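A.B. asks: Protein chains in written order, with full-length UniProt numbering: chain L, 1 to 623; chain Z, 1 to 623.
Subject to a maximum C-alpha distance of 25 Å in a straight line, what follows is the list of computed SDA-like cross-link-like pairs (lysine to any residue):
{"no.": "1", "chain 1": "L", "residue 1": "LYS265", "chain 2": "Z", "residue 2": "LYS317"}
{"no.": "2", "chain 1": "L", "residue 1": "LYS215", "chain 2": "Z", "residue 2": "LEU202"}
{"no.": "3", "chain 1": "L", "residue 1": "LYS259", "chain 2": "Z", "residue 2": "TYR175"}
{"no.": "4", "chain 1": "Z", "residue 1": "LYS259", "chain 2": "L", "residue 2": "GLU351"}
{"no.": "5", "chain 1": "Z", "residue 1": "LYS265", "chain 2": "L", "residue 2": "ALA319"}
{"no.": "6", "chain 1": "L", "residue 1": "LYS543", "chain 2": "L", "residue 2": "ASP485"}
{"no.": "7", "chain 1": "Z", "residue 1": "LYS215", "chain 2": "L", "residue 2": "LEU202"}
{"no.": "8", "chain 1": "Z", "residue 1": "LYS543", "chain 2": "L", "residue 2": "ASP616"}
{"no.": "9", "chain 1": "Z", "residue 1": "LYS215", "chain 2": "L", "residue 2": "ASP203"}
{"no.": "10", "chain 1": "Z", "residue 1": "LYS215", "chain 2": "Z", "residue 2": "ALA204"}
{"no.": "11", "chain 1": "Z", "residue 1": "LYS259", "chain 2": "Z", "residue 2": "VAL248"}
{"no.": "12", "chain 1": "L", "residue 1": "LYS143", "chain 2": "Z", "residue 2": "LEU198"}
{"no.": "13", "chain 1": "Z", "residue 1": "LYS215", "chain 2": "Z", "residue 2": "ASP225"}
{"no.": "14", "chain 1": "L", "residue 1": "LYS265", "chain 2": "Z", "residue 2": "THR599"}
In short, the hints are calculated from the structure, not lab data.
Being a predicted model, the structure only gives us computed values, none of them experimental.
Number of protein chains: 2
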Amino acid sequence: MASPVSEAVGVADLETVRELARQLRVDSIRSSTSAGSGHPTSSMSAADLLAVLVARHLRYDWDNPGDPANDHLIFSKGHASPLLYAIYKAVGVVTDEELMTGYRRFGQRLQGHPTPILPWVDVATGSLGQGLPDAVGVGLAGKYLDKSPYRVWVLCGDSEMAEGSMWEAFDKASYYQLSNLIAVVDVNRLGQRGETELGWNLDAYAARVRAFGWKTIEVDGHDVDAIDAAYTEADGFDGPVAIIARTVKGDGFSEIADKDGWHGKPLPADMAARAIAELGGERDLRVRGPVPAASLPRPAPHARPAVTLPTWEVGAKVATRKAYGQALAAVGARGDVVALDAEVSNSTHAEDFKAAHPDRFFEIFIAEQQMVAAAVGLSVRGYVPFASTFAAFLSRAYDFIRMAAISQADIRLSGSHAGVEIGADGPSQMALEDLAMMRAVDGSTVLYPSDATSAAALVAAMADLPGISYLRTTRGAYPVLYGPDEPFAPGGSKVLRRSDTDVVTLVGAGITLHEALAAADALAAEGVSARVIDLYSVKPVDKATLVEAANATAGRIVVAEDHWPEGGLGGAVLEALGDGDVPLRLRHLAVRELPGSGTAEELLDFAGISARHIADAARGLLG
Amino acid sequence: MASPVSEAVGVADLETVRELARQLRVDSIRSSTSAGSGHPTSSMSAADLLAVLVARHLRYDWDNPGDPANDHLIFSKGHASPLLYAIYKAVGVVTDEELMTGYRRFGQRLQGHPTPILPWVDVATGSLGQGLPDAVGVGLAGKYLDKSPYRVWVLCGDSEMAEGSMWEAFDKASYYQLSNLIAVVDVNRLGQRGETELGWNLDAYAARVRAFGWKTIEVDGHDVDAIDAAYTEADGFDGPVAIIARTVKGDGFSEIADKDGWHGKPLPADMAARAIAELGGERDLRVRGPVPAASLPRPAPHARPAVTLPTWEVGAKVATRKAYGQALAAVGARGDVVALDAEVSNSTHAEDFKAAHPDRFFEIFIAEQQMVAAAVGLSVRGYVPFASTFAAFLSRAYDFIRMAAISQADIRLSGSHAGVEIGADGPSQMALEDLAMMRAVDGSTVLYPSDATSAAALVAAMADLPGISYLRTTRGAYPVLYGPDEPFAPGGSKVLRRSDTDVVTLVGAGITLHEALAAADALAAEGVSARVIDLYSVKPVDKATLVEAANATAGRIVVAEDHWPEGGLGGAVLEALGDGDVPLRLRHLAVRELPGSGTAEELLDFAGISARHIADAARGLLG
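Using the sequences and the hints, build the whole thing.
C.D. replies: Okay, here's the thing in structure tokens:
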């Protein structure tokens with residue numbers, strides 16, 4: 001029976017599905033036993049749920065994982081990778097040999113937890129409570145941008161329902177009425193070290209999920225007919241649906257079923273043999289479920305017209321956060337650019353994008369984890385997300401940023417209100433660790449512009465950057481330093497003061513660059529010539545320019561940053577120059593004591609990073 | 001009327017309370033207008049709720065904030081600080097002059113968001129969604145440890161209900177049946193930049209909170225009689241209670257009440273004057289509510305017997321995570337030591353503490369934000385919490401750790417399964433950013449032991465450390481390097497190989513120390529004498545020993561770490577040696593490419609941090 005959106009629905013009858021489920025259990029046991037590690041029992045509990053899904057409901061062309069009309073399948077409980085990989089074997093995209101020799105082995109793609117090294121995996125999972133939030137992002141893309149009927153199916157564990165991020169996802173999915181999102185919750189009762197909080201209290205789970213605006217269907221997760229009916233029922237609902245399934249951990253092997261102490265443990269060979277025997281032996285069933293109808297519209301490639309950035313007069317006072325918003329609105333001329341906000345768009349100035357492109361702006365409210373996850377999900381569908389909030393509050397989403405890097409997602413983050421410069425609001429609102437946090441992300445780009453021109457140019461550059469990129473912006477308005485044609489690229493820097501008689505180098509970025517310029521003026525009045533470097537690219541850092549400066553000024557370098565001393569601008573300079581190839585006598589000015597409220601000027605001075613302190617440090621190096 | 005637990009209940013009648021509420025509004029306007037910043041409208045919405053609470057229900061001896069029988073009052077919506085400070089004036093602990101000249105000013109204690117610089121503030125708030133989780137920790141202390149009848153009252157904003165951490169708190173409060181916890185949700189409908197997700201849909205909030213196991217009471221948040229009745233009703237319930245209050249942002253001043261665009265804005269002087277007139281003018285009412293009964297038992301000081309740490313034979317293979325668990329169980333001889341787990345206690349070995357001290361072990365399940373917040377809350381009551389999970393998953397709680405430092409909380413964190421060493425589980429489970437993250441926390445101590453002896457000694461040291469301390473542990477078992485009497489202190493290091501002929505220094509910690517020792521052996525076989533430093537204290541770092549080694553080995557130093565290159569061990573060494581006082585030629589080996597699955601040996605070699613690479617780097621420095 002063909003439907004308007006899929007072909008070959010019902011390729012497998014339910015008896016075949018039952019056979020498939022047994023095979024998925026057997027292969028989950030075989031692969032993990034062969035690897036000597038893995039999670040067979042957490043795979044076995046969900047085997048029936050996934051067998052029905054893959055054979056009869058998931059619309060997916062396994063020969064063309066790039067088909068934009070494909071459904072999405074996300075294992076939020078990523079530790080059930082043996083089940084996922086057993087499915088890949090069953091649909092014929094992974095061989096039995098790879099399953100048995102590649103799982104969890106060095107250099108192989110069937111890793112302990114799924115990552116997008118595999119073409120059928122959208123996002124890396126394994127840090128619990130992230131798959132569903134990621135799926136919300138894919139769902140937003142499908143409903144609001146692609147306007148395509150693909151669905152997003154998410155296998156969730158019961159233990160991860162304790163993560164607050166899951167409830168951010170439940171909340172946002174209902175707020176955005178994501179009728180394309182189906183969560184399958186595998187309630188196998190047992191966590192890593194004992195019973196979960198709610199055990200088999202399916203009603204409690206369902207009540208919570210329903211209160212968050214979802215339709216819920218409770219089901220016996222080993223009753224293939226009931227599962228099939230639940231998926232069918234879920235499909236037509238005008239909003240997100242959760243299938244809350246009562247399952248048995250280790251189901252299918254009586255020696256361990258529903259027994260504590262078997263989380264994350266492969267079966268010893270003898271037990272594996274008995275389990276496989278109890279499951280009816282090895283099988284080599286091949287199944288394929290429905291595929292998206294060829295007649296379905298596929299989203300067209302996005303327009304990428306040339307972007308005209310806003311410009312400012314040199315000397316005009318403009319906050320870099322304001323430049324971020326204006327530049328982002330301009331970059332939004334590209335149809336693939338999307339903006340997300342955590343309910344502070346009037347502070348970050350993401351509101352400028354919203355005004356220009358309301359259809360590509362998603363208000364995530366105060367849920368930073370979900371905001372980053374939604375960006376990841378949108379990137380799965382090829383969008384170019386920019387997500388912004390106060391820089392301090394991106395620390396809320398650090399695990400999501402870390403996992404986004406493992407997902408090889410291309411997402412852009414902007415954090416406003418950096419450092420003590422914000423003034424009266426006090427330390428809870430001051431990002432003083434964000435440079436350290438964002439630099440320590442695999443493959444990240446970390447940018448910290450000092451003026452509106454560079455901020456705008458870097459926003460434009462970020463749109464084309466791979467991986468995780470981060471732009472740190474400042475609350476206050478400071479003079480524009482660069483003319484509109486000045487080029488800026490990640491990995492670069494600008495030398496703003498330079499002469500043949502330079503005896504010391506002053507390095508700043510953001511607010512401290514302005515302080516460094518003032519310090520250089522003070523030093524110049526004393527006849528001391530200082531080189532001043534705008535180190536707007538904190539990662540990658542412009543080593544060549546730093547090396548040249550170190551050589552030119554006998555290693556005398558003052559770095560000033562509005563950040564804790566660890567891991568930020570000073571760290572970047574030290575890493576670039578610490579190999580002994582150049583002289584190095586670094587003085588590092590950073591925030592070393594907990595600040596309170598005050599004006600920006602008072603707090604920069606309190607922290608010892610104002611012009612006065614920079615000039616003093618330079619004098620100290622020369623004295 | 002005196003009750004068994006309080007004295008002087010009902011000191012103020014409801015008409016006085018209404019007057020008080022007007023004064024709180026007036027003073028919120030006055031202080032924020034005087035400061036030129038702040039959140040008067042978010043204070044005005046909650047003025048009636050707080051006036052009733054402070055005058056008639058909160059049991060608090062304002063002259064003795066250290067009384068352990070006092071109730072606790074936490075502003076989870078910390079931006080309503082004008083209201084909190086207006087209360088302090090009304091109860092007579094802050095003068096009107098301080099309110100008018102100190103609020104949000106440099107060097108003053110009435111900061112933009114409350115911090116424990118004030119003796120009546122338990123925890124710093126201002127990052128939304130943290131006050132309620134913190135309160136759960138205080139509630140756990142009250143119910144299970146202090147066994148004292150004090151209550152914990154929390155003022156929550158409606159916007160912060162979007163934070164997942166709130167739902168972790170709702171979940172845990174009901175799991176632990178915290179009958180001492182009352183959340184007051186100020187549903188003023190308006191967020192920072194427009195209407196909240198749920199607006200004035202009180203039923204939706206209540207349904208969610210009820211589904212999470214709380215009793216809910218919906219109330220008109222400006223009806224003083226109804227509020228009073230709600231608090232009375234809440235008091236007797238055998239579990240946590242949420243008062244869901246419909247309020248008006250800016251209530252009391254018709255020009256801005258329920259109007260968008262007034263979030264976080266002080267009133268201009270002329271509007272402030274009109275508002276104060278509309279509210280009946282300035283007042284100087286003094287009120288005091290009930291105080292804890294003198295007859296109430298106060299918790300006794302905790303026993304602090306001498307701790308006998310476990311010991312191991314030198315050369316025995318023991319995982320540092322195992323040593324953590326055993327040492328923690330031993331340190332638990334002190335009655336104030338408490339352990340928290342995020343459902344991985346059999347991996348972190350926190351289960352050893354649970355076995356020895358089940359009454360002081362709290363299972364938080366997979367909710368790392370709540371785990372850290374509970375630790376903060378327990379520290380408020382003087383307990384010595386140790387919270388542990390996989391090191392990678394502490395990134396989930398980074399904002400909570402950041403705020404814990406601002407709260408000046410003394411908490412101990414342990415992260416197991418650090419780095420690529422974990423092997424087959426893959427990158428989602430590998431902490432490769434935790435050293436950078438934890439170093440960039442104000443006043444933090446970061447420890448990374450290489451063997452069981454040092455791990456145990458450092459656990460014992462952590463019990464007496466102020467601030468945020470962090471212990472990084474390793475999955476695998478490696479040889480014990482130190483005898484049981486070897487002392488270890490934060491800020492120290494150990495020189496394991498040293499001679500007068502050392503030509504290169506090898507610095508490692510954790511797993512890489514073992515690799516450095518093997519590299520030193522390989523170099524020794526070639527006639528090259530290498531100094532080897534166990535840099536177990538990553539922050540503070542033992543600069544003196546590093547300086548001595550740099551001088552002794554002509555600046556030739558190889559640092560190897562199982563961490564991204566940014567902000568970790570290499571950063572700590574560079575910060576110590578980058579000032580030019582000693583020669584420095586550093587080679588920095590760190591994880592520079594996304595790892596996959598494999599054995600520990602394969603992955604250490606892949607990452608370029610194994611003995612072979614360390615020896616090669618040393619040869620390179622010498623060649």
